[in-house]
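K.L.:
Each chain, letter by letter, is given below.
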Amino acid sequence: MLDDAELVPRIQKGDLDAFEALYHKYKSELYRTALAITRDLGTAEELLQDCFLRAYDHIDSVDGCSSLRPWLHRIIVNLSYNWAAKKRLRLVSLEDAFERLLSLPRSSPERALEREEVLQVLDDAIRSLSMPKRVVVVLFYLQGFSLVEISYVLDCPVGTVKSRLHNARGILKRRLIADSRISREAAYELLSS
Amino acid sequence: MDDNRRDELDVLVERALKDWASEKAPPNRVWDNIRFGLQERVERSQSRPDRVRQWWSDAWLWGAEVLASARMIVTPSLYSGDHAWPERILLIGPSSASLRLFIHH
Chain A
1 MLDDAELVPR IQKGDLDAFE ALYHKYKSEL YRTALAITRD LGTAEELLQD CFLRAYDHID
61 SVDGCSSLRP WLHRIIVNLS YNWAAKKRLR LVSLEDAFER LLSLPRSSPE RALEREEVLQ
121 VLDDAIRSLS MPKRVVVVLF YLQGFSLVEI SYVLDCPVGT VKSRLHNARG ILKRRLIADS
181 RISREAAYEL LSS
Chain B
1 MDDNRRDELD VLVERALKDW ASEKAPPNRV WDNIRFGLQE RVERSQSRPD RVRQWWSDAW
61 LWGAEVLASA RMIVTPSLYS GDHAWPERIL LIGPSSASLR LFIHH
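Line by line, the protein sequences are chains A and B.
Per this note's numbering, the first sequence runs over residues 1 to 193.
Per this note's numbering, the second sequence runs over residues 1 to 105.
If you're looking for bench data, these hints aren't it; they were derived computationally from the structure.
All figures in this text were calculated on a predicted structure; none of them were measured in a lab.
C-beta atoms are modelled at their ideal positions from N, C-alpha and C, and glycine is treated no differently.
Do not rely on the hints blindly, as some may be mistaken.
Claimed, not checked - With a straight-line cut-off of 30 angstroms between C-alpha atoms, the simulated BS3-like cross-links for lysine-lysine are: (1) A:Lys162 - B:Lys18; (2) A:Lys87 - A:Lys173; (3) A:Lys162 - A:Lys86; (4) A:Lys27 - A:Lys162; (5) A:Lys27 - A:Lys86; (6) A:Lys27 - B:Lys18; (7) A:Lys173 - B:Lys24; (8) A:Lys87 - A:Lys162; (9) A:Lys86 - B:Lys24; (10) A:Lys86 - B:Lys18; (11) A:Lys87 - B:Lys18; (12) A:Lys27 - A:Lys13; (13) A:Lys162 - B:Lys24; (14) A:Lys173 - A:Lys162; (15) A:Lys27 - B:Lys24; (16) B:Lys24 - A:Lys87; (17) A:Lys25 - B:Lys24; (18) A:Lys25 - A:Lys13; (19) A:Lys25 - B:Lys18; (20) A:Lys25 - A:Lys162.
As the list claims (entries may be wrong) - Now the stretches of chain B that chain A is said to cover, found in silico as 3 or more residues with beta-carbon under 8 angstroms: (21) 11-18; (22) 29-41.
What the hints assert, rightly or not - Partial chain A-side listing against chain B, Cβ under 7 angstroms, derived: (23) Tyr23; (24) Lys27; (25) Arg32; (26) Leu35; (27) Glu45; (28) Leu48; (29) Leu53; (30) Leu122; (31) Lys173.
Please model the complete structure; the sequences and the hints are all you need to start from.
P.N.:
The following block contains the structure:
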């Protein structure tokens, strides 16, 4: 796979093959980021498409020495924020979905959650997070960005990223583990699998 | 939170997200749409000089038409003096017209 430092000058000269190579290099992770934030297949496709068209329009502003990965994520996260601003009602309804999940009886047979269910519950909990916290969680856990890289992607201080991540973890912990729908045994089982 | 300090919750969250995302990939139509958008951009940028040339050509034709319909001729002024060239343009009406318009002072 070609290095970004090789691809950028070629793209800047109008080489569309180089741009296609760039697309195939980053399409999956950018798509997953958009999908993890929006949870909507059609929207994730649109955001990915807009992300690369915007990248092409602004490729001249890139120095070509460093990886394009944070820069591309910055674009797609900004696009996701724009999308969320238009879909505020939809995001609020995700909180309702989480409440429904919490209302499952604790002593029911579902209590003995299988691996898939544990992950599903966690996934739903992540989905219920507010947009800023969810974005940080997705970038940190799914894409493995460092706090400094996330601060670049979100264009905010590292302290803000730390605080959002800390709060998100607190919420997840309180709502999931403290709620005891996921038992310690289930968690350990999952960790050792 | 320290980047390197992870407990079981971190591992679970990471696992949940990665498991959920692992099979997901964008369909081919996304690249088709991007390529279509890029081609449009390339065509637009390549045709820009042509459009500028066309604009100037239209402007000259329009100007000539206006002058022709007013039966006027544009010619450099003999009284050039110290004026800049736009001020030396002289609009002269046809021989029978009383209109003699000097733009220069």
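K.L.:
Run every hint past the structure and note whether it holds.
P.N.:
So, going through the hints one by one against the coordinates:
For a cut-off of 30 angstroms, the pair hint linking Lys162 of chain A to Lys18 of chain B stands: about 21 angstroms separates their Cα positions. Between the alpha carbons of Lys87 of chain A and Lys173 of chain A the distance comes to roughly 27 angstroms, so the proposed pair stays at or under 30 angstroms and holds. Annotation: proposed proximity of Lys162 of chain A to Lys86 of chain A holds, straight-line Cα distance about 27 angstroms (limit 30 angstroms). Taking the CA atoms of Lys27 of chain A and Lys162 of chain A, the gap is about 27 angstroms. The hint holds against a cut of 30 angstroms.
Taking the CA atoms of Lys27 of chain A and Lys86 of chain A, the gap is about 24 angstroms. The hint holds against a cut of 30 angstroms. Straight-line distance between C-alpha atoms of Lys27 of chain A and Lys18 of chain B comes to about 16 angstroms, which keeps the hinted pair within the 30 angstroms bound. About 27 angstroms separates the Cα atoms of Lys173 of chain A and Lys24 of chain B, which keeps this hinted pair within 30 angstroms; it holds. Under the criterion of a C-alpha separation no larger than 30 angstroms, the hint pairing Lys87 of chain A with Lys162 of chain A is consistent with the structure, at around 26 angstroms.
A distance of roughly 25 angstroms separates the Cα atoms of Lys86 of chain A and Lys24 of chain B; the hinted pair therefore holds under the 30 angstroms criterion. Only pairs whose Cα atoms come within 30 angstroms are accepted, and Lys86 of chain A paired with Lys18 of chain B is accepted, the gap being roughly 27 angstroms. Distance hint between Lys87 of chain A and Lys18 of chain B is fulfilled; the C-alpha atoms sit about 25 angstroms from each other, no more than 30 angstroms. In summary, the hint linking Lys27 of chain A to Lys13 of chain A is supported, as the alpha carbons are separated by about 22 angstroms, within the 30 angstroms threshold.
For the given pair, Lys162 of chain A sits about 28 angstroms from Lys24 of chain B by alpha-carbon distance, which is consistent with the 30 angstroms threshold. Of the supplied pair hints, the one linking Lys173 of chain A and Lys162 of chain A holds, its CA atoms being roughly 16 angstroms apart against a limit of 30 angstroms. Between Lys27 of chain A and Lys24 of chain B the CA atoms are separated by roughly 11 angstroms; this keeps the pair inside 30 angstroms, and the hint holds. Distance hint between Lys24 of chain B and Lys87 of chain A is fulfilled; the C-alpha atoms sit about 23 angstroms from each other, no more than 30 angstroms.
For the proposed pair Lys25 of chain A and Lys24 of chain B, the alpha carbon gap of about 15 angstroms is at most 30 angstroms, so the pair holds. Pair hint Lys25 of chain A plus Lys13 of chain A holds up; C-alpha atoms about 19 angstroms apart against a cutoff of 30 angstroms. Between Lys25 of chain A and Lys18 of chain B, the direct Cα distance comes to roughly 18 angstroms. Compliance with the 30 angstroms bound is thereby established for this hinted pair. In summary, the hint linking Lys25 of chain A to Lys162 of chain A is supported, as the alpha carbons are separated by about 29 angstroms, within the 30 angstroms threshold.
With a threshold of 8 angstroms between beta carbons, the proposed coverage of the stretch 11-18 of chain B by chain A holds, since 8 of its residues qualify and at least three are required. For the stretch 29-41 of chain B, the stated coverage by chain A is satisfied: 9 residues place a CB nearer than 8 angstroms to a CB of that chain, which reaches the threshold of 3. A distance limit of 7 angstroms between C-beta atoms decides the matter here; for Tyr23 of chain A the minimum to chain B is near 6 angstroms, and the interface restraint holds. The interface hint given for Lys27 of chain A holds, since its Cβ lies 5 angstroms from the closest Cβ of chain B, which is under the 7 angstroms cut-off.
Given the 7 angstroms rule on beta carbons, the hint for Arg32 of chain A holds: about 4 angstroms separates it from the nearest Cβ of chain B. Residue-level restraint check for Leu35 of chain A holds (minimum Cβ-Cβ distance to chain B is 6 angstroms; threshold 7 angstroms). For Glu45 of chain A, the shortest C-beta to C-beta distance to chain B is roughly 5 angstroms, which falls under 7 angstroms, so the interface hint holds. Evaluation of the Leu48 of chain A hint against chain B yields a held restraint, the C-beta minimum of about 5 angstroms falling below 7 angstroms.
Because the smallest distance between the Cβ of Leu53 of chain A and any Cβ of chain B comes to about 5 angstroms, under 7 angstroms, the interface hint for this residue holds. Among the interface hints, the one on Leu122 of chain A holds; its C-beta lies about 4 angstroms from the nearest C-beta in chain B, closer than the 7 angstroms criterion. Given hint, Lys173 of chain A at the interface with chain B, holds; its Cβ is 6 angstroms from that chain's nearest Cβ, closer than 7 angstroms.
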